[in-house]
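Student: Chains L and V, in that order, are what the protein sequence lines are. Just so it is clear: in the first sequence, position 4 is 260 by our numbering, and no numbers are missing. Just so it is clear: in the second sequence, position 52 is 56 by our numbering, and no numbers are missing.
Please note that the accuracy of each hint is not assured.
[Said to hold, decoys possible] Covered by chain L, per the in silico footprint, the following chain V stretches (three or more residues, Cβ under 8 angstroms): (1) 30-38; (2) 103-115; (3) 118-131.
To be clear, the hints were calculated from the coordinates, so they are not data collected in a lab. Since the structure is predicted, the reported quantities are computational estimates derived from the model, not experimental observations. In this text, a Cβ means the ideal position worked out from N, Cα and C, and glycines have one as well.
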Amino acid sequence: MSSFKIFDIAGSALSAQSLRLNTVASNLANADAISGTADGTYKARLPMFKAAMEAGGDGSPGVQVLGVVESQALADKRYEPGHPLADAEGYVYAPNVNVVEEMVNMISASRSYQSSVEVMNTAKELASRTLSLGR
Amino acid sequence: MANLDPIFGIHADAMSVQRRRMEVLSANIANADTPGFKARDIDFAAALSSAAGNGAGTTPSPRALTTDARHIPIGMGGSGIDSAAQLAYRVATQPSVDGNTVDVQVEQAKFADAALHYQASLQFADGKIRSLLTAITGQ
Numbered sequence: 257m258s259s260f261k262i263f264d265i266a267g268s269a270l271s272a273q274s275l276r277l278n279t280v281a282s283n284l285a286n287a288d289a290i291s292g293t294a295d296g297t298y299k300a301r302l303p304m305f306k307a308a309m310e311a312g313g314d315g316s317p318g319v320q321v322l323g324v325v326e327s328q329a330l331a332d333k334r335y336e337p338g339h340p341l342a343d344a345e346g347y348v349y350a351p352n353v354n355v356v357e358e359m360v361n362m363i364s365a366s367r368s369y370q371s372s373v374e375v376m377n378t379a380k381e382l383a384s385r386t387l388s389l390g391r
Numbered sequence: 005m006a007n008l009d010p011i012f013g014i015h016a017d018a019m020s021v022q023r024r025r026m027e028v029l030s031a032n033i034a035n036a037d038t039p040g041f042k043a044r045d046i047d048f049a050a051a052l053s054s055a056a057g058n059g060a061g062t063t064p065s066p067r068a069l070t071t072d073a074r075h076i077p078i079g080m081g082g083s084g085i086d087s088a089a090q091l092a093y094r095v096a097t098q099p100s101v102d103g104n105t106v107d108v109q110v111e112q113a114k115f116a117d118a119a120l121h122y123q124a125s126l127q128f129a130d131g132k133i134r135s136l137l138t139a140i141t142g143q
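Isolated chain L, as found in the complex:
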């Protein structure tokens, strides 16, 4: 009987959400990284979550990060003939990062992180109260 399964579950959520925050930070930081070719631009990073059945045992899975994938959306093509990186036709390519989407992702990730922290706090308090039973 493991009394501390909640910590494993909430902990996996914390690491998954912080990875999501990392990808958001990376996407926002590179949102204006202009490139001269469509293939050379930065692609938005997206984490893939999956319920990890083995982490929490039966019925109470943690979160597993399957990996980080690159967005397949097309790079933003801009006509800027004066730009030093512009190609022969005068186009530069901006990353396919949608800044508004990233901000929403950031808020969602931080709220989910907070929820898991609350769960962990409650579990910790209950566990320490159980340990001090009869004192």
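Could you slot chain V onto chain L? The hints should help.
Tutor: Same frame as chain L, now just chain V:
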């Protein structure tokens, strides 16, 4: 635990079930952003009667009968609260497009409820221990 069962009564079992329930609810909260994840919960009354039914001297828990070969047995998968028999899927009020049925606010409310009930059982057990200590020390 068997020797202490008459002292703590139902609260030992109730605490186990609430702890298990908090695990399931914390998994729901953890997977609030996982595509395709279905929120689950424990039928507390069924789980408690099943857990209490395993102890000696208590009334046996009710079992669902299967009268057809195609029926799926309920509560036969194992004994105790760790069997998945009492786990059910929550009916989602507004499921996401990605198939996720977790409503974080609902799960947080249920988690707070389970934590409060756990604390209540904890206080009852604590009171029992204190009264026993009073009886033992005789002061």
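Student: Please name the hints from earlier in the document that this structure breaks, with their numbers sorted from lowest to highest.
Tutor: Nothing - there is no hint that the structure violates, so all of them hold.
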